[in-house]
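Model the full assembly from the supplied sequences, consistent with the hints where possible.
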Amino acid sequence: MDFVIGLTLFVLAVLLGAELITKVPPTLHTPLMSGSNAISGITIVGAIVAAGTDHSTLTVTLGFIAVVLATSNVVGGFLVTHRMLGMFKRRSDKVDR
Amino acid sequence: MNDWVAVGYLIAAILFILGLKGLGRPRTAVRGNQLSALGMLVAVVVTVADDAIVSYGVILAGLAVGTIVGSLLATRVQMTAMPELVALFNGFGGAASVFVAAASFLAASDIGPISDQVSVASALAAVIGSMTFTGSVVAFAKLRESLNAGGFPGIRVINGVLGLAAVGCAVMMVVDSESPGWIWALVAVGAALGVSLVLPIGGADMPVVIALLNSMSGLAASAAGFVLDNPLLIIGGALVGASGVILTQIMCVAMNRSLLSVVFGEAPSSGGGDRDEDVYEGRVRSTSPEDVAIMLDASSRVVIVPGYGLAVAQAQHAVRDLTRLLQDRGIEVVFGIHPVAGRMPGHMNVLLAEAEIDYEHLIEMTDINPTFEQTDVTIVLGANDVVNPAARTDPSSPIAGMPILDVDKSRVVVVIKRSLSPGFAGIPNLLFAADNTLMLFGDGKAAIADIAKAVAST
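Protein chains in written order, with numbering that gives the first Met the number 0: chain B, 0 to 96; chain E, 0 to 457.
Misleading hints may appear alongside valid ones.
[Unchecked claim] For each label pair, taking beta carbons as the anchor points, the in silico distance ranges come out as:
no. : chain 1 : residue 1 : chain 2 : residue 2 : range
1   : B       : Asp1      : E       : Thr370    : 52 to 58 angstroms
2   : B       : Leu14     : E       : Ile67     : 36 to 42 angstroms
3   : B       : Gly85     : E       : Ser395    : 43 to 49 angstroms
4   : B       : Gly85     : E       : Ala445    : 27 to 33 angstroms
5   : E       : Pro152    : B       : Asp1      : 46 to 52 angstroms
6   : E       : Asn255    : B       : Thr21     : 16 to 22 angstroms
7   : E       : Ser145    : B       : Ile4      : 41 to 47 angstroms
8   : B       : Val3      : E       : Gly167    : 26 to 32 angstroms
9   : E       : Thr457    : B       : Leu14     : 54 to 60 angstroms
10  : E       : Glu177    : B       : Gly85     : 50 to 56 angstroms
11  : E       : Ser54     : B       : Thr21     : 39 to 45 angstroms
12  : B       : Glu18     : E       : Pro112    : 36 to 42 angstroms
13  : B       : Glu18     : E       : Pro152    : 38 to 44 angstroms
14  : B       : Ser55     : E       : Asp50     : 15 to 21 angstroms
[What the hints assert, rightly or not] Chain E residues, not near chain B, derived (Cβ > 12 angstroms throughout):
no. : residue
15  : Trp3
16  : Leu161
17  : Val194
18  : Gly202
19  : Val262
20  : Gly281
21  : Met294
22  : Leu324
23  : Asp393
24  : Ser395
25  : Arg417
26  : Leu419
27  : Phe423
28  : Asp442
29  : Ala448
Quick caveat, the hints were computed from the structure, so don't treat them as lab data. C-beta: ideal position from N, C-alpha, C; glycine also.
What follows is the structure in structure tokens.
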């Protein structure tokens with residue numbers, strides 16, 4: 000992939016991210032943070048490549064550590080966000096009744 | 000990369016964007032989080048299925064260990080410990096990006112000359128990721144209060160030296176890309192820098208740090224994406240980086256401080272303003288739970304303003320009980336939430352949500368401020384600087400110009416607090432000496448429970 004294309008993706012995604020987040024109400028700041036934090040675990044994709052390409056013992060070891068860290072980040076991040084949002088949701092249902 | 004892998008990444012990116020959008024509204028937030036998680040699953044599955052992957056054992060073992068660690072942490076942790084857990088996960092993400100960039104950089108350097116894109120991006124991922132990791136660990140330790148260290152004289156010199164060393168190592172990585180040593184040197188310097196930058200920051204500045212680390216974990220992932228030429232890493236990391244920056248900005252505005260002054264400056268100096276004795280002498284009146292109960296019973300509108308003290312005292316359930324009791328008597332009870340109350344963005348909202356308090360009763364600062372004049376009793380529980388009228392009235396105060404909750408405009412203010420000790424800004428609070436303020440000294444949880452008991456018996 001061309002560097003300029005990568006840079007284009009980066010800049011557009013930054014602008015989009017800023018646009019998406021600006022109007023989030025304070026009530027959701029914590030779930031938003033832990034949810035977006037789980038997305039930053041996308042580095043798991045790179046970790047899988049490093050762990051699975053068998054280049055050298057060193058790179059596979061680094062890849063394994065990265066997979067463990069990134070997976071904890073992803074699984075833990077989405078789960079804890081879900082747990083938090085569950086608390087918000089229960090009461091909004093109550094309000095609806 | 001196979002075409003279908005690229006299409007899978009596109010689908011994952013779309014799901015991330017829709018997920019983040021969903022997280023912006025309470026009604027769609029659960030769905031949004033699920034969409035993001037689905038996007039992540041798609042990304043992992045197509046990556047594992049790609050032709051480039053030749054062995055699966057290590058990957059599966061890593062996924063299994065990570066899943067166990069992540070789900071144990073996520074399901075076992077108390078809601079009051081949420082800020083430190085978020086900090087810890089940030090750190091995991093940052094460290095993972097460091098290892099990804101290092102593995103990819105070292106693999107590339109074995110094969111042949113390295114392009115400038117790969118070496119520059121590896122340097123960025125290494126330094127941002129390692130700063131995120133150690134910074135998050137320090138933040139984690141500070142939030143758990145297992146680390147009480149603060150800054151020390153000369154730490155800014157150390158920061159400057161480490162910063163220059165980081166730039167030096169990064170330049171050497173690009174110039175001398177055949178030597179693998181430089182990336183590890185850069186990781187080490189970045190790790191030291193993360194510690195020395197976060198160490199002096201504490202207390203009320205914590206929400207800014209957490210939001211900033213959140214942003215950095217995204218940027219590290221994005222940099223790793225440039226190393227691997229992986230569009231999904233670039234996009235996902237950029238989305239998180241941007242959202243973290245916006246949150247950081249919101250936190251800074253709410254404290255009337257610039258990001259630079261939070262990170263590189265010192266805590267607001269306590270030089271200006273008045274001395275404790277001048278403010279409090281003969282003006283502080285204390286009250287009892289019974290008297291507060293009588294006032295509450297005669298009220299039609301009550302506002303509760305929680306701060307970090309609520310989390311410390313674990314008083315959220317006691318507050319819920321008192322709230323229900325008052326609501327059953329037809330009294331309107333709402334909560335006024337300052338954007339930086341607590342130790343992370345939205346901290347109070349999560350705690351009160353845990354105690355099953357309706358989020359529609361949690362009112363933002365700008366919306367609740369005009370209503371204090373129609374409020375009979377405002378209870379301030381564990382908040383200090385964010386309700387200090389000096390921010391409005393005293394231009395020489397260190398917190399002058401900080402947006403505050405105008406609780407002093409309500410008919411009666413009850414401040415529940417252990418003592419008259421100052422908040423993070425280290426200045427006396429004019430509110431405590433105001434004519435319409437009554438102090439209820441004691442532990443937050445016990446005080447609220449005593450008030451509830453007294454209300455129940457009136």
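Status of each hint after checking the structure:
Distance hint check: the CB atoms of Asp1 (chain B) and Thr370 (chain E) are about 55 angstroms apart, consistent with the given range 52 to 58 angstroms. Checking the proposed 36 to 42 angstroms range against Leu14 (chain B) and Ile67 (chain E) shows it holds: the Cβ atoms sit about 37 angstroms from each other. In this structure the supplied range 43 to 49 angstroms holds for Gly85 (chain B) paired with Ser395 (chain E), their Cβ-Cβ distance being about 47 angstroms. One distance hint, 27 to 33 angstroms for the beta-carbon pair Gly85 (chain B) and Ala445 (chain E), holds here, with the actual separation near 29 angstroms.
Between Pro152 (chain E) and Asp1 (chain B) the Cβ separation comes to about 49 angstroms, which falls inside the hinted range of 46 to 52 angstroms. Under the hint 16 to 22 angstroms, the C-beta atoms of Asn255 (chain E) and Thr21 (chain B), about 19 angstroms apart, fit the expected range. A beta carbon spacing of about 46 angstroms between Ser145 (chain E) and Ile4 (chain B) agrees with the range 41 to 47 angstroms that was offered as a hint. Range check, Val3 (chain B) to Gly167 (chain E): Cβ separation about 28 angstroms, and the 26 to 32 angstroms hint holds.
For the pair Thr457 (chain E) and Leu14 (chain B), the supplied restraint of 54 to 60 angstroms holds, since their beta-carbon distance comes to about 57 angstroms. Checked against the hint of 50 to 56 angstroms, the pair Glu177 (chain E) and Gly85 (chain B) passes, with Cβ atoms roughly 52 angstroms apart. Against the hinted window of 39 to 45 angstroms, the Cβ-Cβ separation of Ser54 (chain E) and Thr21 (chain B) comes to about 44 angstroms, which satisfies the hint. Restraint check, Glu18 (chain B) to Pro112 (chain E): a C-beta distance of roughly 40 angstroms satisfies the suggested window 36 to 42 angstroms.
With their beta carbons about 43 angstroms apart, Glu18 (chain B) and Pro152 (chain E) fall inside the hinted range of 38 to 44 angstroms. For Ser55 (chain B) and Asp50 (chain E), the Cβ-Cβ distance of about 20 angstroms falls inside the hinted range of 15 to 21 angstroms, so the restraint holds. For Trp3 (chain E), the shortest C-beta to C-beta distance to chain B comes to about 15 angstroms, beyond the 12 angstroms cut-off, and the non-interface label holds. Even its closest Cβ contact with chain B, about 24 angstroms, leaves Leu161 (chain E) beyond 12 angstroms, as expected for a residue assigned away from the interface.
No beta-carbon of chain B is positioned within 12 angstroms of the beta-carbon of Val194 (chain E); the least distance is around 19 angstroms. Look at Gly202 (chain E): its CB is around 18 angstroms from the nearest CB on chain B, clear of 12 angstroms, so calling it non-interface holds up. No beta-carbon of chain B is positioned within 12 angstroms of the beta-carbon of Val262 (chain E); the least distance is around 18 angstroms. Remark: the non-interface label on Gly281 (chain E) is consistent with the geometry, its nearest Cβ contact in chain B lying 38 angstroms away (cut-off 12 angstroms).
Distance check on Met294 (chain E): its Cβ is at least 28 angstroms (rounded) from any Cβ of chain B, clearing the 12 angstroms threshold; non-interface status holds. Remark: the non-interface label on Leu324 (chain E) is consistent with the geometry, its nearest Cβ contact in chain B lying 18 angstroms away (cut-off 12 angstroms). Listed as a non-interface residue, Asp393 (chain E) keeps its Cβ farther than 12 angstroms from every Cβ of chain B; the least gap is roughly 27 angstroms. For Ser395 (chain E), the requirement that its beta carbon stay farther than 12 angstroms from each beta carbon of chain B is met, with the minimum near 30 angstroms.
With a least CB separation of 26 angstroms from chain B, Arg417 (chain E) remains clear of the 12 angstroms interface cut-off, as annotated. Separation of Leu419 (chain E) from chain B is adequate, the least Cβ-Cβ distance of about 29 angstroms exceeding the 12 angstroms criterion. For Phe423 (chain E), the requirement that its beta carbon stay farther than 12 angstroms from each beta carbon of chain B is met, with the minimum near 19 angstroms. At roughly 25 angstroms, the least C-beta separation between Asp442 (chain E) and chain B is larger than 12 angstroms, which holds for a residue marked as non-interface.
Every Cβ of chain B is farther than 12 angstroms from the Cβ of Ala448 (chain E); the closest lies at roughly 22 angstroms, confirming the non-interface assignment.
When the structure is compared with the earlier hints, no violation turns up for any of them.
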